Amino acid sequence: MEAELRSNTSTPISVQSPGLLGTALRGCLGSLDGACIEKLLLHCASALESNDVTLAQQVMWVLNNVASALGDPNQRLTSWFLRALISRASRVYPTSMNFNTGNALQRRLMSITELVAYVDLIPWHRFGFCASNSAIFRIIEGYSKVHILDFSITYCMQWPTLVDVLGKRPEGPPSLRITVPSVRPPVPPFLNVSSEEVGLRLANFARSRDVLFELRMIEADSPSSVKNSYCNSLLSKLNILDLDLMDDEALVINCQNWIRYLPEEHKDAFLNIIKGLNPRIIIIVDEDCDLNSSSSLAARITNGFNYLWIPFDSLETFLPKESSQRIEYEADIGYKIENIIGFEGSQRIERLECGIKLSQRMNNIGFSSVAFGEESVKEVKELLDEHASGWGMKQDNDMLVLTWKGHNSVYATAWVPNGYED
Amino acid sequence: MPVDLDNSSTVSGDASVSSTGNQNPPPKSAGKKKRNLPGMPDPDAEVIALSPKTLMATNRFVCEICNKGFQRDQNLQLHRRGHNLPWKLRQRSSKEVRKKVYVCPVAGCVHHEPSRALGDLTGIKKHFCRKHGEKKWKCEKCSKKYAVQSDWKAHSKICGTKEYRCDCGTLFSRRDSFITHRAFCDALAEESAKNHTQSKKLYPETVTRKNPEPDQKSPTVVDSHPPPPSPPSVALAPTPAISAETEPTKIVTSSVLPIRSSSESPENNAPEVIIEEAPRTIGFHVSLSGLSNDHSNNNGAYAGLFATSTASPSLYASSTPSPSLFAPSSSIEPISLCLSTSPSLFGPTIQDPPHFLTPLAPQPAMSATALLQKAAQMGSTGSGGSLLRGLGIVSTTSSSMELSNHDGASLAPGLGLGLPCSSGGSGSGLKELMMGNSSVFGPKQTTLDFLGLGRAVGNGGNPGGGLSALLTSIGNGGGIDLFGNAEFSGKDISRSS
Numbered sequence: 001m002e003a004e005l006r007s008n009t010s011t012p013i014s015v016q017s018p019g020l021l022g023t024a025l026r027g028c029l030g031s032l033d034g035a036c037i038e039k040l041l042l043h044c045a046s047a048l049e050s051n052d053v054t055l056a057q058q059v060m061w062v063l064n065n066v067a068s069a070l071g072d073p074n075q076r077l078t079s080w081f082l083r084a085l086i087s088r089a090s091r092v093y094p095t096s097m098n099f100n101t102g103n104a105l106q107r108r109l110m111s112i113t114e115l116v117a118y119v120d121l122i123p124w125h126r127f128g129f130c131a132s133n134s135a136i137f138r139i140i141e142g143y144s145k146v147h148i149l150d151f152s153i154t155y156c157m158q159w160p161t162l163v164d165v166l167g168k169r170p171e172g173p174p175s176l177r178i179t180v181p182s183v184r185p186p187v188p189p190f191l192n193v194s195s196e197e198v199g200l201r202l203a204n205f206a207r208s209r210d211v212l213f214e215l216r217m218i219e220a221d222s223p224s225s226v227k228n229s230y231c232n233s234l235l236s237k238l239n240i241l242d243l244d245l246m247d248d249e250a251l252v253i254n255c256q257n258w259i260r261y262l263p264e265e266h267k268d269a270f271l272n273i274i275k276g277l278n279p280r281i282i283i284i285v286d287e288d289c290d291l292n293s294s295s296s297l298a299a300r301i302t303n304g305f306n307y308l309w310i311p312f313d314s315l316e317t318f319l320p321k322e323s324s325q326r327i328e329y330e331a332d333i334g335y336k337i338e339n340i341i342g343f344e345g346s347q348r349i350e351r352l353e354c355g356i357k358l359s360q361r362m363n364n365i366g367f368s369s370v371a372f373g374e375e376s377v378k379e380v381k382e383l384l385d386e387h388a389s390g391w392g393m394k395q396d397n398d399m400l401v402l403t404w405k406g407h408n409s410v411y412a413t414a415w416v417p418n419g420y421e422d
Numbered sequence: 001m002p003v004d005l006d007n008s009s010t011v012s013g014d015a016s017v018s019s020t021g022n023q024n025p026p027p028k029s030a031g032k033k034k035r036n037l038p039g040m041p042d043p044d045a046e047v048i049a050l051s052p053k054t055l056m057a058t059n060r061f062v063c064e065i066c067n068k069g070f071q072r073d074q075n076l077q078l079h080r081r082g083h084n085l086p087w088k089l090r091q092r093s094s095k096e097v098r099k100k101v102y103v104c105p106v107a108g109c110v111h112h113e114p115s116r117a118l119g120d121l122t123g124i125k126k127h128f129c130r131k132h133g134e135k136k137w138k139c140e141k142c143s144k145k146y147a148v149q150s151d152w153k154a155h156s157k158i159c160g161t162k163e164y165r166c167d168c169g170t171l172f173s174r175r176d177s178f179i180t181h182r183a184f185c186d187a188l189a190e191e192s193a194k195n196h197t198q199s200k201k202l203y204p205e206t207v208t209r210k211n212p213e214p215d216q217k218s219p220t221v222v223d224s225h226p227p228p229p230s231p232p233s234v235a236l237a238p239t240p241a242i243s244a245e246t247e248p249t250k251i252v253t254s255s256v257l258p259i260r261s262s263s264e265s266p267e268n269n270a271p272e273v274i275i276e277e278a279p280r281t282i283g284f285h286v287s288l289s290g291l292s293n294d295h296s297n298n299n300g301a302y303a304g305l306f307a308t309s310t311a312s313p314s315l316y317a318s319s320t321p322s323p324s325l326f327a328p329s330s331s332i333e334p335i336s337l338c339l340s341t342s343p344s345l346f347g348p349t350i351q352d353p354p355h356f357l358t359p360l361a362p363q364p365a366m367s368a369t370a371l372l373q374k375a376a377q378m379g380s381t382g383s384g385g386s387l388l389r390g391l392g393i394v395s396t397t398s399s400s401m402e403l404s405n406h407d408g409a410s411l412a413p414g415l416g417l418g419l420p421c422s423s424g425g426s427g428s429g430l431k432e433l434m435m436g437n438s439s440v441f442g443p444k445q446t447t448l449d450f451l452g453l454g455r456a457v458g459n460g461g462n463p464g465g466g467l468s469a470l471l472t473s474i475g476n477g478g479g480i481d482l483f484g485n486a487e488f489s490g491k492d493i494s495r496s497s
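First to last, the protein sequences are chains A and B.
Residue numbers for the first sequence, in UniProt numbering: 1 to 422.
Residue numbers for the second sequence, in UniProt numbering: 1 to 497.
Chain A on its own, in the form it takes in the complex (with noise of 0.2 Å):
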């Protein structure tokens, strides 16, 4: 289904003479569209997974004829899949094989001004970033101190949009604390300035627009720890004396594109604490995609192939196959594609959760959804109008969601710990 709606994308191949497998393939492999090349990525890790590497060495074989790193989305994307899964092969029979392991890929450093380019590329991150700041701005009305947990992956992005409508705020601006944890997935994109110097930046920036800012890290353990220790040690510092909050400070969490990061074991502990902090609001924006802990590869290359489409999609749009800056964006994607299919266990961090279920996580720890207002939609809406117009947006009970051509892309929620409704 999935793969029928975007056929318009599909992968023409070339057939030089239209005699008869020209004919007998129209419509399969004539034109491999997402749902062939689909079915062979299922078929390549099923025989990795019951060890026919004649097989997977077969059907890679034939994915590598589809795929094309600077050809047509689909051919992009099965690239990034393939690569995947020649990856995890390699992995799966260590054994035998010449890995140099060292260590995780390393990735290229942005500047601070390219990660914004990178961060507005397409509207994946404004638009939880918009909506979010409008639910944040509208729920800290009237109040002179607001405290933000910032819990996200591109360093502080969000902000500069905030403290510009705070400082313009009717009222005053109030003073703005934004905490954030010191050690981040380490999952791209990557900076080649520190998060002191981001703070540094976005304090004189708050200076320019009359907001008093400071900017605080929770230091949690350095990442070579264990994993699940490093978590451990974030979780024990979300109390009420480690982070400095105050009583006549309104307290914002902010989770962007974060909780998928949090091993399955604490996601529920994570927001059972958060909710004990007493948070005026809370918001959560992911990915729309299930991909977690407790999907099978097939599920994963399945969801995953028919969902990463998109931005490698929406790209196609506006730039030209050969862009650099299309090309470094959709290698962080395929990056985590990587991430998706070649491995298992507490090493697959990224553990997606769609909207629904997160929903109904929320909902089971004690959580009520707070709607976006019609101004946080109007805000949204011209966001997207001014990027590709198959952007679109629609609202699912309390939740928006950002679509690419109709199909989930990002979901944004925002929640209160119940009893404290409006």
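Please note: incorrect hints may appear among the correct ones.
[Said to hold, decoys possible] Among the chain B residues that face chain A by a calculated CB cut under 10 Å, a handful are: (1) 142; (2) 144; (3) 145; (4) 183; (5) 186.
[Said to hold, decoys possible] Just some of the chain A residues that point at chain B, by a computed CB distance under 7 Å: (6) 160; (7) 161; (8) 201; (9) 204.
[As the list claims (entries may be wrong)] From the derived model, a few chain B residues whose C-beta atoms are all more than 12 Å from chain A: (10) 44; (11) 51; (12) 59; (13) 61; (14) 70; (15) 115.
No lab work stands behind these hints: they were computed from the structure.
The model shown is predicted, which means the values in this text are computed figures rather than measured ones.
Note that beta-carbon positions come from the ideal geometry of N, C-alpha and C, so glycine has one too.
We have chain A; now place chain B onto it with these hints.
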């Protein structure tokens, strides 16, 4: 004098097909006329189908005085009046002129159906261009492309009219981006250092309404980008060399994909797999480290892996470990991925012939297998349609194309694909597997290539020279350079027993 200035008179003459109307039975009395929605024509209208060529023909009516062209004869006639030439406008006939609607010539398009015809010729022209035409109008400022010139003009008028300019020179069309950039840009830091007290002056929210120089338009970010990361293995960042090297890429595409014409397909119709000799070893050895260096190899992420790409030594050759695929920055150590070279690891080899034809377990695999099988069968009018042949992995002559025992431990850095197999005289193991040599797949050397991936042509004396043909057709004939290392090219790589 009522003058019919609509375009129907000239257009209907060009109609390549003119049906007598809609399939829907026309209602007898129109009653109150409602404004028709786009694509919901009056059922009484005459449906006109123009060929793409006619549709796109422009200015066919040329003034003999000034050579000005017009799309419609009526317009030319009006123009001729200005030259004081005789002119003639068609008079509206006394009978009510039947309304005309136009369908898109592209079968399958929604507007191809008469029931969704468009009411005016310009509309269908624009539709045809937008949906089925080439987007040849590119906005110089934002690189958006348009198929219809008027769309492009309309966009060009507003594009860049509202811009935000940071002191660093970067322009933004969106305020969010500008604000965010501004917050983190060096320009603000410097300015506020200078001007600490005058915070109000720090709002350089210059909204320019004039169009700046084109060269300033592209966000400087782009210019300052470092070389992009190597995309998937092969994806090769566009380096300066890329333009020069893209041509091989094209060649790869076209030569990899042709489907064998039926004349080339052999006479063997039996679609069965005959395995005469069980292969002894199957290895799967993948090294990706050398691939990223290959700028001409854009088309298949792992083209090198499968040796379908050009065999030019530079492709895979990496006497020095090349910038790894995985690592965007050249400082990263190359990482090589290798799948086992040892048969025992992978358990089942192809000793069981139908093994790889039978689905292994899960449903998806089943269907994919079926897909491949179906494809192989469908295309197999003339050959022993084994799956491998179906895959276009065709046989080769043992003399020229020995892919032989390759010591996995001492892999060459640029090794695309090691296919270690103890290749006996008759050629067993992976060689057969990949190449579809006769000993495995039956007496016939014929190949079938449903994907057109390996083109077993042009290699006359070589009965099953699929891969070599493929390689020669792709590369420069050095197809043996499968391992991508110059030192290993030719016979050096074959260590046949």
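Against the structure, the hints:
Because the closest C-beta pair between residue 142 (chain B) and chain A is about 8 Å apart, less than 10 Å, the hint holds. At its closest, the beta carbon of residue 144 (chain B) sits 6 Å from a beta carbon of chain A; the interface hint therefore holds under the 10 Å criterion. Using the Cβ-Cβ criterion of 10 Å, the hint placing residue 145 (chain B) at the interface with chain A is satisfied: the shortest such distance is roughly 8 Å. Proximity of residue 183 (chain B) to chain A holds as hinted, the smallest CB-CB distance being about 4 Å (cut-off 10 Å).
A hinted interface residue such as residue 186 (chain B) counts as satisfied when its beta carbon comes closer than 10 Å to some beta carbon of chain A; here the least separation is about 8 Å, so the hint holds. At about 4 Å, the closest approach between the beta carbon of residue 160 (chain A) and any beta carbon in chain B falls short of 7 Å, and the interface hint on this residue holds. Against a cut-off of 7 Å between C-beta atoms, the interface hint on residue 161 (chain A) holds, since the closest Cβ of chain B lies about 5 Å away. For residue 201 (chain A), the interface hint holds, the least distance from its beta-carbon to any beta-carbon of chain B being 5 Å, beneath 7 Å.
Below 7 Å, beta-carbon pairs count as interface contacts, and residue 204 (chain A) has one with chain B at about 5 Å; its hint therefore holds. Remark: the non-interface label on residue 44 (chain B) is consistent with the geometry, its nearest Cβ contact in chain A lying 33 Å away (cut-off 12 Å). Look at residue 51 (chain B): its CB is around 21 Å from the nearest CB on chain A, clear of 12 Å, so calling it non-interface holds up. With a closest Cβ-Cβ approach of about 31 Å to chain A, residue 59 (chain B) is found to remain outside the 12 Å limit, as its non-interface label requires.
Distance to chain A confirms residue 61 (chain B) as a non-interface residue, since its nearest Cβ pair spans about 36 Å, more than 12 Å. Residue-level check passed: residue 70 (chain B) sits 33 Å from the nearest beta carbon of chain A, beyond 12 Å. With a cut of 12 Å on Cβ distances, residue 115 (chain B) stays outside the contact zone with chain A, its closest approach being about 22 Å.
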